[in-house]
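A.B. asks: Sequence:
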Amino acid sequence: MTDLSWEEVMGQEPEVPRVEEWPDTPAHQAEVFLIDGNNLAWKAFYAVTEGLSRSDGLPTNALLGFANMLAKILSDYRPRALVVAWDERPRRRLEMYEKYKAQRPPAPESMKKQFPHFEGIAQAFAATNVRHPDCEADDVLATLACQATEKGISACVVTNDRDAYQMVNDSVCILATPRGFTDVHVYTTERVIARLGVRPDQVPDYLGLKGDPGDNIPGVPSFGEKTASELIARYGTLENVIAHAADIKGKKREKLEENADIALLSKRLATVECDLELDCDLAEILSQKRDFSHLAACLEEYEMLSLRDRLRRKGLA
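Each residue of the sequence shown is one higher than the one before, starting from 1 at the first, in my numbering.
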């Protein structure tokens with residue numbers, strides 16, 4: 001079995017009706033899904049109970065969750081292509097701020113053992129894996145999102161990182177899975193504004209004030225979501241907020257003036273790169289027919305037999 005389309009693999013229409021009232025409608029319209037591989041892998045690790053392993057002892061809970069999530073993306077949203085971006089050491093951000101992400105604990109041993117296997121599973125699902133030697137997946141995704149916009153390709157970025165909201169535009173939406181794929185939130189420009197109170201292009205300014213504890217981006221002490229969104233909405237940019245610090249009353253003014261340089265650094269840390277040189281052309285990927293011929297063998301290799309059988313019942317030979 002070679003060069004199967006996902007429609008041939010699944011053998012049926014998606015069960016979820018595509019109606020305009022559904023909040024994830026923009027994701028259904030995307031031609032390509034751009035996936036934060038590390039983010040999805042960690043989501044899978046915590047979604048599936050530890051202790052699951054292959055007969056040779058390899059832990060497989062995260063690998064199974066990852067495979068299930070890819071299968072659900074393909075069956076529910078039917079994109080024409082998948083691209084999975086992976087993290088490398090964030091050299092630029094560490095040069096700016098050595099404490100960037102320094103608070104994160106080491107990965108559990110069971111996750112370390114599984115990490116080398118995610119890309120092979122993604123490839124079996126006909127996804128293209130891509131990375132940049134000096135950047136995180138966020139920057140790779142941002143570059144691909146810009147490429148999609150320039151080429152007129154509708155795209156959906158799959159990630160739970162809030163800094164990714166700055167990638168959203170008329171061609172690009174964000175699909176977040178805060179509690180797994182039973183609860184998806186799709187962000188368009190209007191929904192980013194409704195959620196944060198600022199436009200997508202203002203997200204770095206917003207994070208410059210608020211900070212991002214997940215990435216150890218400091219922001220301005222005591223500035224929370226409400227203060228950050230109100231000030232950015234009023235003044236437009238972080239630089240203008242700082243320039244109008246005298247208009248801010250009380251302790252907030254003092255905190256802003258004392259931490260103006262930190263706020264500007266935080267904005268730079270939160271700003272994704274859109275101009276990386278990547279060996280990945282979305283138009284070329286979309287022009288190629290996908291090959292799912294190794295999917296069953298891959299699932300068997302990791303003893304994911306229930307998932308294999310479920311896909312076979314939907315048309316996988």
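Each hint should be verified, as a subset may be incorrect.
Computed cross-link-like contacts, BS3-like style, restricted to lysine-lysine with a CA-CA straight-line distance of at most 25 Å [as the list claims (entries may be wrong)]:
no., residue 1, residue 2
1, K226, K252
2, K101, K112
3, K72, K251
4, K112, K99
5, K249, K226
6, K72, K101
7, K99, K255
8, K151, K251
9, K113, K101
10, K251, K226
11, K101, K249
Calculated directly from the structure, the hints in this document are not laboratory data.
A.B. asks: Hints first: check each against the structure and report whether it holds.
C.D. replies: Here is what the structure says about each hint:
no.: 1; hint: K226 x K252; in the structure: holds (12 Å)
no.: 2; hint: K101 x K112; in the structure: holds (18 Å)
no.: 3; hint: K72 x K251; in the structure: violated (48 Å)
no.: 4; hint: K112 x K99; in the structure: holds (22 Å)
no.: 5; hint: K249 x K226; in the structure: holds (15 Å)
no.: 6; hint: K72 x K101; in the structure: violated (30 Å)
no.: 7; hint: K99 x K255; in the structure: holds (21 Å)
no.: 8; hint: K151 x K251; in the structure: violated (47 Å)
no.: 9; hint: K113 x K101; in the structure: holds (22 Å)
no.: 10; hint: K251 x K226; in the structure: holds (15 Å)
no.: 11; hint: K101 x K249; in the structure: violated (32 Å)
Comparing the model with each numbered hint stated earlier shows that hints 3, 6, 8, 11 do not hold.
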